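A.B. asks: For the protein sequence lines, the chains are A and U, in the order given. If you read the first sequence in numbering that gives the first Met the number 0, its first letter stands for residue 0, the second for the next number, and so on. If you read the second sequence in numbering that gives the first Met the number 0, its first letter stands for residue 0, the second for the next number, and so on.
No lab work stands behind these hints, which were simulated from the structure alone. As the structure is a prediction and not an experimental result, all values here were calculated from the model. It cannot be assumed that every hint is accurate.
As the list makes no split between identical chains, a pair holds if one copy fits it or if it spans any two.
[Stated by the list, open to error] In silico DMTMM-like links for lysine to aspartate or glutamate, alpha-carbon gap of 25 Å or less: (1) Lys218 to Asp305; (2) Lys218 to Glu83; (3) Lys218 to Glu230; (4) Lys149 to Asp64; (5) Lys149 to Asp74; (6) Lys218 to Glu250; (7) Lys181 to Asp207; (8) Lys181 to Asp97; (9) Lys149 to Glu51; (10) Lys181 to Asp95.
Protein chains: 2
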Amino acid sequence: MPDPGAGEVLVRNMWTSVDPALRLRLRERAPRGYFAAFALGEPMAGISTVGEVVASRAPGFAPGDVVRHGAGWCDYAVVRAGAESLGGIATLTRLDVDAAPPEAYLGALGASGLTAYAGLFHVAELREGDIVWVSAAAGSVGSLVAQLAKLRGHRVIGSAGSDEKVRYLLGTLGLDAAFNYKHGALSELLGAAAPDGIDVYFDNVGGDHLEAALGALRKRGRIAMCGSISEYDAPEPVPGPSNLFLVVANELTLRGFRGSSYVALLDEMVREVGGWLRGGRIRYEQTVVDGLENAPEALARLLRGDATGKMLVRIV
Amino acid sequence: MPDPGAGEVLVRNMWTSVDPALRLRLRERAPRGYFAAFALGEPMAGISTVGEVVASRAPGFAPGDVVRHGAGWCDYAVVRAGAESLGGIATLTRLDVDAAPPEAYLGALGASGLTAYAGLFHVAELREGDIVWVSAAAGSVGSLVAQLAKLRGHRVIGSAGSDEKVRYLLGTLGLDAAFNYKHGALSELLGAAAPDGIDVYFDNVGGDHLEAALGALRKRGRIAMCGSISEYDAPEPVPGPSNLFLVVANELTLRGFRGSSYVALLDEMVREVGGWLRGGRIRYEQTVVDGLENAPEALARLLRGDATGKMLVRIV
């Protein structure tokens with residue numbers, strides 16, 4: 000175990016995050032502009048993680064503090080205070096564990112919450128009366144997006160890959176419509192759920208979901224492009240939608256984004272979403288896998304669609 | 000020849016417009032949200048046209064006035080004053096033929112000018128220092144976009160489909176770089192012309208051009224999606240780019256638009272672009288085909304890439 004140097008803390012990690020997009024870094028090269036690929040033979044570093052400080056030589060951090068950092072999948076980590084990690088989201092931060100349990104800061108009160116909040120309100124520019132479709136709506140980001148839109152009074156359609164998730168979307172989250180995308184042609188399933196079309200599509204899936212959204216978006220509709228889980232594990236690049244001319248015809252806007260670019264909104268999001276969570280107005284599921292040695296399998300499960308809400312690994 | 004009714008004028012048409020996107024209306028159904036398909040056995044109506052009023056029962060219009068309207072490919076047309084046509088661009092308007100020749104109001108001072116002006120400044124949100132790539136840059140819209148960006152001091156790369164057009168882009172329009180997209184892999188040609196990447200892509204072509212742009216756009220780059228001539232004549236829907244994840248990774252914005260939505264900018268555009276044209280700071284080519292009976296062949300030529308600047312049909 001290394002000792003922390005000046006300005007560093009030693010953290011015993013408790014929880015770490017499993018995100019679909021980690022798959023993009025398990026390649027020789029990650030997509031241009033994205034976080035770097037993981038190095039072979041090295042720990043999976045650069046992943047949001049929560050732990051307890053066991054030794055500190057950094058002002059403002061003391062043993063016993065629960066912190067978030069970006070050192071990633073390891074039992075212990077030496078972390079330098081102030082060093083930017085994951086665009087600021089996972090820069091060493093002390094967490095308020097009276098307000099929420101530590102692991103919440105990896106999900107609803109962390110990157111997932113920020114991505115949902117910034118994506119819906121700032122990227123998709125949600126406007127009064129918008130009809131919203133969220134894909135992977137039972138997932139960590141999607142379930143928050145769907146509920147934030149419901150809280151603002153919108154008609155919200157969710158899609159997911161199992162009937163159980165669809166029951167969760169309708170029964171627990173109270174969405175206006177939901178469908179299992181495996182049950183037919185997407186354009187028909189979406190058309191039945193949103194017969195008047197949609198104004199906003201929050202894209203977590205890409206591929207055929209994106210194509211169906213283009214087919215349903217009304218004039219000046221918007222897509223917040225958050226991720227494309229359907230393509231991450233594909234052996235070959237997946238062709239894009241063949242109906243892109245509809246972007247011109249209907250003056251659509253497709254905007255890609257990264258939650259990390261909106262870190263300035265993090266405190267505001269934690270206040271608002273944290274309040275709704277405590278008040279029971281937002282529900283949030285977690286799928287917990289025990290043991291760091293099971294983290295790879297947790298990622299594989301997530302990519303197979305075998306998880307609801309946030310996938311977490313409990314390290315200790 | 001019908002007589003104009005109350006509020007109508009009879010126009011003898013002089014010039015009409017040939018646009019690549021007319022091809023989209025030569026189908027059983029035009030793309031959802033686009034202008035309607037042309038009806039079989041009917042005149043090609045809903046196309047910007049310029050002519051001379053020969054009889055008027057509309058206040059404010061007198062015989063001898065040169066006007067623009069949207070009645071389309073016909074020798075004479077009865078047009079109702081004030082009836083909106085083509086989103087307002089081709090609503091009956093008297094033209095200032097002292098400031099520019101009549102046919103200019105179908106190109107640089109009409110829909111092409113408005114599309115270029117709105118697309119570059121409002122849709123792509125051109126910012127200081129942006130490196131700009133324009134496809135179909137020897138075309139009616141593209142040549143204006145490229146020159147407007149040059150006038151603002153930007154580095155501008157143009158592409159086209161012949162060496163002669165490339166010489167025009169470099170020699171006459173003074174672009175910083177230009178290439179013939181038929182001379183190799185697009186990503187390599189673009190990479191050589193823009194080794195540091197691009198910030199704005201003005202898309203007139205779609206398909207492989209759009210894919211190459213996604214590969215070259217820097218962080219927060221923007222695409223103004225104006226059209227996709229490469230796909231209009233395709234027998235089957237053309238798959239989209241397989242590198243759409245770069246939209247997420249680099250936080251790109253793709254925005255489709257129609258010039259007709261920016262008709263509020265028409266007067267401003269005519270003033271500015273008209274001034275630059277008269278001052279010789281903007282060059283503008285026209286390809287003229289004589290005789291309305293040759294309009295279909297003019298469209299076919301345009302879709303083959305066999306035209307520089309604006310394709311016009313001289314009716315009389």
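A.B. asks: Now tell me if each hint is right for this structure.
C.D. replies: Now the hints, each set against the structure:
In the homo-oligomer, the alpha carbons of Lys218 and Asp305 never lie at most 25 Å apart, since the shortest distance is 35 Å inside one protomer and 33 Å across protomers. Only between protomers do Lys218 and Glu83 lie at most 25 Å apart by alpha-carbon distance; the minimum there is 19 Å, versus 40 Å within a single protomer. Proximity of Lys218 to Glu230 under the C-alpha cut-off of 25 Å is restricted to the inter-copy arrangement: shortest distance 22 Å between copies versus 28 Å within a copy. For the homomeric pair Lys149 and Asp64, neither the shortest alpha-carbon distance inside one copy (35 Å) nor that between copies (56 Å) is at most 25 Å.
For the identical chains of this complex, Lys149 and Asp74 are neighbours neither inside a copy (39 Å) nor across copies (56 Å), given an alpha-carbon limit of 25 Å. Taking the shortest alpha-carbon separations for Lys218 and Glu250, both the intra-copy value of 6 Å and the inter-copy value of 22 Å come in at or below 25 Å. Proximity of Lys181 to Asp207 under the C-alpha cut-off of 25 Å is restricted to the intra-copy arrangement: shortest distance 12 Å within a copy versus 31 Å between copies. For the homomeric pair Lys181 and Asp97, neither the shortest alpha-carbon distance inside one copy (41 Å) nor that between copies (64 Å) is at most 25 Å.
Proximity of Lys149 and Glu51 under a CA criterion of 25 Å is satisfied in neither setting, with 36 Å inside one chain copy and 56 Å between copies. For a Cα distance limit of 25 Å, the shortest separation of Lys181 from Asp95 qualifies neither inside one copy, at 41 Å, nor across copies, at 60 Å.
The structure fails to meet hints 1, 4, 5, 8, 9 and 10 from the earlier list, while all remaining hints are met.
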